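Participant: With these hints in hand, go ahead and build the complete structure from the sequences.
The listed protein sequences derive, respectively, from chains A and B. Just so we're aligned, residue -7 is where the first sequence starts under the working numbering, counting upward by one. Just so we're aligned, residue -7 is where the second sequence starts under the working numbering, counting upward by one.
These aren't lab readings, by the way, just hints derived from the structure by calculation. On a predicted model such as this, the values are computed, not experimentally measured, just so you know. Among the hints, erroneous ones may be present.
Said to hold, decoys possible - Quick list of in silico lysine to any residue cross-link-like pairs, SDA-like style, CA-CA up to 20 Å:
(1) A:Lys159 - B:Pro15
(2) B:Lys106 - A:Pro22
(3) A:Lys26 - B:Ile102
(4) A:Lys26 - B:Glu111
(5) A:Lys26 - B:Pro99
(6) A:Lys106 - B:Thr30
(7) B:Lys106 - A:Phe19
(8) B:Lys26 - A:Ala300
(9) B:Lys159 - A:Tyr12
(10) B:Lys25 - A:Pro41
(11) A:Lys106 - B:Glu261
(12) A:Lys25 - B:Pro99
(13) A:Lys26 - B:Pro301
(14) B:Lys159 - A:Ala84
(15) B:Lys25 - A:Ala84
(16) A:Lys289 - B:Pro41
(17) A:Lys25 - B:Glu111
(18) A:Lys159 - B:Pro17
(19) B:Lys289 - A:Gly107
(20) B:Lys26 - A:Glu111
(21) B:Lys26 - A:Ala103
(22) B:Lys106 - A:Leu27
(23) A:Lys106 - B:Asp31
(24) A:Lys159 - A:Leu18
(25) A:Lys159 - B:Ser14
(26) B:Lys26 - A:Pro99
(27) B:Lys26 - A:Pro41
(28) A:Lys26 - B:Val112
(29) A:Lys159 - B:Pro41
(30) A:Lys25 - B:Ala103
(31) B:Lys159 - A:Pro7
(32) B:Lys159 - A:Pro15
(33) A:Lys159 - B:Tyr10
(34) B:Lys106 - A:Ala23
(35) A:Lys25 - B:Ile102
2 protein chains.
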Amino acid sequence: MDNMPTLYDIICARPNVYRYLSPTPLFHYPALKKLVGTDIWIKHENHQPVGAFKVRGGLHLAASLTTEQKQGGLYTASTGNHGQSIGFAARAFGISATIAVPEGANPGKIAAMKGLGAEVIEHGKDFDTAREWITAVAHDRGGYFVGPTDDPLIHGVGTYGLEIIEKLPEVDVIIVPVGAGSGVCGTAIAAKTINPHVQVIGVQSAQAPAMQKSWQTATMQQAEMDTVAEGLATRIPFENTQRIMQKYLDDFILVDDSSIEQAVYLLLEHTHNLAEEAGAASLAAAIQIRDRLVHKKVVLVMSGGNIAPERLNSIMHEYGQ
Amino acid sequence: MDNMPTLYDIICARPNVYRYLSPTPLFHYPALKKLVGTDIWIKHENHQPVGAFKVRGGLHLAASLTTEQKQGGLYTASTGNHGQSIGFAARAFGISATIAVPEGANPGKIAAMKGLGAEVIEHGKDFDTAREWITAVAHDRGGYFVGPTDDPLIHGVGTYGLEIIEKLPEVDVIIVPVGAGSGVCGTAIAAKTINPHVQVIGVQSAQAPAMQKSWQTATMQQAEMDTVAEGLATRIPFENTQRIMQKYLDDFILVDDSSIEQAVYLLLEHTHNLAEEAGAASLAAAIQIRDRLVHKKVVLVMSGGNIAPERLNSIMHEYGQ
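Facilitator: So this is what it looks like as structure tokens:
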């Protein structure tokens, strides 16, 4: 278990994160108590400048590069939010960024990456295909490939976990959406190092369960991937986050895509926040396991808000009055 | 012009505001530059815990009350956001709150006020009718009536204006939605006292132009009120905010409700933020006067995000693909 990220790494990331970002709000919503049956707070990572938590990690990673690494430019693959994070960080540090996205990726997220000055290339049918391709491109060009779960990203995103535990030290349960796992790992390291009694629960879509199956069996399991939640759409699990999750995670549950979509609507109705599908998975999970949450203080991580308008339109049509 | 609120009043309000709230983000959106033709920042008052800027004023007002005034409880009228602000502040200080809302008020806002522990009473066909009624009720019961433009509210909400000028001192133009006028007055006092070259522009709906007509003619003018933007729905103008606006405001424009609705959609698409109609009026105004904004650094105040889901549904249906 050597070299696993620690609370100290997260503490060290803070100056790099807070040079560009402010802590996000943690708000209590009485209206959600009626839905879930216990006190609910939301950690608003959707209020980040690029609309998702990952920007914390990108900034810390970019700040940690050598001059030579910066000159080679950053290369990565993304379904959208990680790419926006790398684009934001690259712009902040004057580094070039080249981002591979799967074909048919969220057009709003692509436009946002381009708006930040990144070069965006569509390649492959899903995230993992795009990732394998851009890794080779980066190698050929002598660029710096940023893997979606590189340690500095975990250190950086862990700062939101620390914000939760500092703002609400009495929290009992934190529910975190899992894509590649950097968010849940950073949160769990921060929260459980400070208070081992906090439960940290991961949530993935039942239509993309690779990370959950791998955690449950403690082996690396690929799985079908057919979720509407691009932020949870992992087909091939990541070893370094799995290793951390084996050590720190209390539970890891699956929710159906239909519950996620309903949660997008419920969050819009009751909190007036736009959550993307992944960002709403934590509420879907809380509703599903509400019997286990009675009398507990529960924090739901709203990991991002970058939903495509046409997806929102379809959800409004389905769940709105 | 004696007794008009000053920058000093706003500075004095800060400790009361920041005891409960954090500064809200001011984000730059490259995607909005394409729409408006110049650099656009958004002041995210929709990120407040009750989803609108007014909570700053409510907290400062409650903090300024005597023990006797607190014991009598707070009484006010609201189309929603002011009521949530007073409910939030009353809860924070352990004071009772009784809020009159017009019949047919936004059910989400009513639920939120009740969730904060306020007593909510529907009365009258519009805001002004509800206000006249609850003023009498407060008098009968010995309670403290909070008018929507009471000076401490202007001092409190002015803290967001100060945040704008401190974060982006080079701002050229600030566009602010106007309902009763507390937001635009606080902003103008803060911004123009520090830098008289900043232009502060108010915006109201063409379907509720009472404040604009009054400002333009420097007389108190009632007007037809038939806007979808409840946050701009003022039929009877307010003298104290008009007096401040006469001194500080550079311009006051009207935008059509249809432009406001389109702006709600554009903000959702390009910033992934949910703006209520009033909160989107600043973007509608910027698009309308884009020829005047060339090469200027423009801040749009997104005053609130509490849109009713069925209203959003109808906007998505109209403007979404």
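Participant: For each hint, tell me whether it holds in the structure or not.
Facilitator: Evaluation of the provided hints:
1. A:Lys159 - B:Pro15: holds (16 Å)
2. B:Lys106 - A:Pro22: Distance ~9 Å between B:Lys106 and A:Pro22 Cα, so the pair holds.
3. A:Lys26 - B:Ile102: Holds, at about 15 Å.
4. A:Lys26 - B:Glu111: holds (18 Å)
5. A:Lys26 - B:Pro99: holds (16 Å)
6. A:Lys106 - B:Thr30: Distance of about 17 Å is within 20 Å: holds.
7. B:Lys106 - A:Phe19: holds (17 Å)
8. B:Lys26 - A:Ala300: holds (19 Å)
9. B:Lys159 - A:Tyr12: holds (12 Å)
10. B:Lys25 - A:Pro41: Holds: B:Lys25 and A:Pro41 sit about 16 Å apart, inside 20 Å.
11. A:Lys106 - B:Glu261: holds (15 Å)
12. A:Lys25 - B:Pro99: Status holds; Cα separation ~18 Å.
13. A:Lys26 - B:Pro301: holds (18 Å)
14. B:Lys159 - A:Ala84: Holds - the C-alpha atoms of A:Ala84 and B:Lys159 are around 17 Å apart, at most 20 Å.
15. B:Lys25 - A:Ala84: holds (19 Å)
16. A:Lys289 - B:Pro41: This hinted pair holds, its Cα atoms lying about 18 Å apart.
17. A:Lys25 - B:Glu111: holds (19 Å)
18. A:Lys159 - B:Pro17: Given that 20 Å is the threshold and the Cα spacing comes to 19 Å, the pair holds.
19. B:Lys289 - A:Gly107: Distance of about 18 Å is within 20 Å: holds.
20. B:Lys26 - A:Glu111: With Cα atoms ~18 Å apart, B:Lys26 and A:Glu111 stay inside 20 Å; holds.
21. B:Lys26 - A:Ala103: holds (12 Å)
22. B:Lys106 - A:Leu27: Satisfied, since the Cα-Cα distance of roughly 16 Å is no more than 20 Å.
23. A:Lys106 - B:Asp31: Holds. A:Lys106 to B:Asp31 sits at ~16 Å (cutoff 20 Å).
24. A:Lys159 - A:Leu18: Given that 20 Å is the threshold and the Cα spacing comes to 8 Å, the pair holds.
25. A:Lys159 - B:Ser14: holds (12 Å)
26. B:Lys26 - A:Pro99: holds (16 Å)
27. B:Lys26 - A:Pro41: holds (18 Å)
28. A:Lys26 - B:Val112: OK: A:Lys26 and B:Val112 at ~19 Å, within 20 Å.
29. A:Lys159 - B:Pro41: holds (15 Å)
30. A:Lys25 - B:Ala103: Holds, at roughly 13 Å.
31. B:Lys159 - A:Pro7: holds (19 Å)
32. B:Lys159 - A:Pro15: The hint holds at about 16 Å.
33. A:Lys159 - B:Tyr10: Within the cut-off at roughly 15 Å; holds.
34. B:Lys106 - A:Ala23: holds (9 Å)
35. A:Lys25 - B:Ile102: holds (16 Å)
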